[in-house]
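Undergrad: Sequence:
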Amino acid sequence: MKNNINISAHKEKILIFFLFLFSLLINQYYGNKGIFPLDSFAYFDTGFRILLGEYPFKDYWIIHGPFIDYFQSFFFIIFGTNWQSYVLHASFVNALLALTTFIVLKNFKLNIYLCFVYSLFVSVLAYPSSGTPFADHHSAFFSLLGVYFLILAISNEHKLYWILLPFFFCFAFLSKQVPSFYIIMSTVVILTLYSLINKKFYWIKYSLSSLVLFVIFLMIMGKVQGISFSSFIDQYILYPQTLGAERYNDIDISVKNILYRFKFIYIVALPLLYINLKKIFFEKNYLKEKDFLNFLILFFLTFSLILHQILTKNQIFIFFLIPILTAFTHINLIKYKQTPKFIIILIFTVCLFATFKYHIRFNEDRKFHELNNVNFHSAVPAKDIDKKFSGLKWITPEYKNNPEKEIISILEIKSYLENDKRKKMIMTHYSFFSIILDQKLFYPTRFITSHGVSFPVKGNKYFHKYQDFFIKKITENNIEVIYTIKPVDSYFPKELLGEKCIKSSSINSILAAHLILECDNLKSN
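Counting with our numbering, you get residues 36 to 560 for the letters of the sequence shown.
No lab work stands behind these hints: they were computed from the structure.
On a predicted model such as this, the values are computed, not experimentally measured, just so you know.
Mixed in with the good hints there might be a few duds.
[As the list claims (entries may be wrong)] Simulated pairs of lysine to aspartate or glutamate, EDC-like, Cα-Cα distance not exceeding 20 Å:
1. 459 x 89
2. 496 x 318
3. 458 x 553
4. 538 x 439
5. 422 x 400
6. 458 x 511
7. 422 x 439
8. 496 x 453
[Unchecked claim] Beta-carbon label-pair distances, calculated as ranges:
9. 289 x 261: 44 to 50 Å
10. 318 x 248: 36 to 42 Å
11. 521 x 347: 47 to 53 Å
12. 451 x 227: 57 to 63 Å
13. 277 x 228: 30 to 36 Å
14. 272 x 387: 38 to 44 Å
15. 521 x 426: 22 to 28 Å
16. 147 x 399: 39 to 45 Å
17. 250 x 318: 20 to 26 Å
18. 46 x 289: 46 to 52 Å
19. 370 x 263: 51 to 57 Å
20. 538 x 338: 17 to 23 Å
21. 289 x 318: 34 to 40 Å
Cβ coordinates follow ideal geometry from the N, Cα and C atoms, glycine included.
My request is simple: use the sequences and hints to build the entire structure.
TA: Here it is, written out as structure tokens:
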């Protein structure tokens, strides 16, 4: 008997090791396969800026992702300031998610080989669609880790799970406000039901204590780094609400948008829904059972993530729900004695097909980064730009037919900026010049978009606050010239400083210089 236990434990360790290694390597591979500059470099320079003593909210305007910046700076410290350590950040989260999925499924006594397979599918459909750190992914995945710890806490009632629970939700919220906010609110509802129905309130002291400690830590860190509470509220809480209001008004309520796009998620979840609805109506006191709470947790998680995708109108990235929901459907079908075996096989087959389908579409074809119509054989080594990009195969949607041309343009810009010894600011989608030049370049925001997603534009009620913030960065750091790199519009500096404060000139086809002149706008700040 003891030998059997040892053999089983040995097999489990081998599966966990392989799962961890596979989860790391698959994301590391796809994170090096093409890029979408605006998204792919979103946290590259900002992670480096933390190491230079520049901080979010204080030194650059952000509307999401401070946790990702700090976490990335940690990877840079440990593994060096280079592209591979940047991708490793996302790979680590992918591996963490896969391993936690395995642990949670094993908690429900599912066969360890099935736990392994479903967790493997999760690792294929989770972070590789982006490959690099991305706010929506981080927010969803840390929310999912919070949900996993909630399931474990309710199942095992161990105080450690209750203590860790708030940390994951805080990490999720500080990665991006949504979908984490939806999932946090649904968790509050579930915990209220859990406490009232079961008369269990002991968890509050553990979770509340860790939450309070986390908030105190954030306040101390903000104070030390000179980040004001008002700047956090303006940038992270109030301004994003103006964007959310616009999106609620533009929701596409159609069969294609709400049903067809998520069809495989619905298909694998239907048996789970059927079994639980039947138990609700026909089993006495089922609402008090842990199985019902687990179902409710999964229902709210799925609803929250689908709602987020509908509102953001971005590329879909939540197909990792398919193997998770299939696994829990599988667990419930095994418990439900009347289930024909072919139903379980059918659901598993749907999951396998969907995993393969979305792996090809989002990992191989890189659809999430708009690279699905690209010939990857045309990609060129990004180390031609700088050795810090070693391993990255450079090809972008903008220059998909001629990546060499883009590389040449970037090298020209790199050389020009390197030779300019003035205090300068850059506004670009190529957010990597601080790292490859090893300079402070004072980006005013994480990235520049024309539609007001990254910072308030004219017409938004927070525009003047951003304008004051921008001018303050110019004067505090004695900036002499601002560079814009297309597709960033060269009109932005003029809009923020005024026509009389800027003298613009074109350096080449994509680089423009904006010399800062003496004017009243700057003197008043």
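Undergrad: Does each hint hold? Answer for all of them.
TA: Cross-check of the supplied hints:
A C-alpha spacing of about 15 Å is found between residue 459 and residue 89, which places the hinted pair at or below 20 Å, so the restraint holds. Straight-line distance between C-alpha atoms of residue 496 and residue 318 comes to about 54 Å, which puts the hinted pair past the 20 Å bound. With a CA separation close to 15 Å, the supplied pair residue 458 and residue 553 stays within the 20 Å bound. Restraint check for residue 538 and residue 439: the C-alpha separation of about 31 Å exceeds 20 Å, so the hint is violated.
Annotation: proposed proximity of residue 422 to residue 400 is violated, straight-line Cα distance about 26 Å (limit 20 Å). For a cut-off of 20 Å, the pair hint linking residue 458 to residue 511 stands: about 11 Å separates their Cα positions. Distance restraint check for residue 422 and residue 439: the Cα-Cα separation of roughly 16 Å lies within the 20 Å cut-off, and the hinted pair is therefore satisfied. A threshold of 20 Å between alpha carbons decides the hint, and for residue 496 with residue 453 the separation of about 38 Å lies outside it, so the pair is violated.
Roughly 48 Å separates the CB atoms of residue 289 and residue 261, a value that falls within the hinted 44 to 50 Å. For the pair residue 318 and residue 248, the supplied restraint of 36 to 42 Å holds, since their beta-carbon distance comes to about 40 Å. The given range of 47 to 53 Å is broken by residue 521 and residue 347, whose C-beta atoms sit roughly 26 Å from each other. Evaluation of the 57 to 63 Å hint for residue 451 and residue 227 yields a pass: the beta carbon distance comes to about 59 Å.
Roughly 33 Å separates the CB atoms of residue 277 and residue 228, a value that falls within the hinted 30 to 36 Å. Distance hint check: the CB atoms of residue 272 and residue 387 are about 42 Å apart, consistent with the given range 38 to 44 Å. The hinted window of 22 to 28 Å between residue 521 and residue 426 holds, with their beta carbons roughly 27 Å apart. Take residue 147 and residue 399: their Cβ atoms lie about 29 Å apart, and the range 39 to 45 Å is violated.
A hinted range of 20 to 26 Å is violated for the C-beta pair residue 250 and residue 318, which are about 41 Å apart. As the Cβ distance of residue 46 to residue 289 is approximately 48 Å, the hint placing it in 46 to 52 Å holds. Checking the proposed 51 to 57 Å range against residue 370 and residue 263 shows it holds: the Cβ atoms sit about 53 Å from each other. Restraint check, residue 538 to residue 338: a C-beta distance of roughly 53 Å breaks the suggested window 17 to 23 Å.
Hint check: residue 289 to residue 318, Cβ distance near 37 Å, so the stated range 34 to 40 Å holds.
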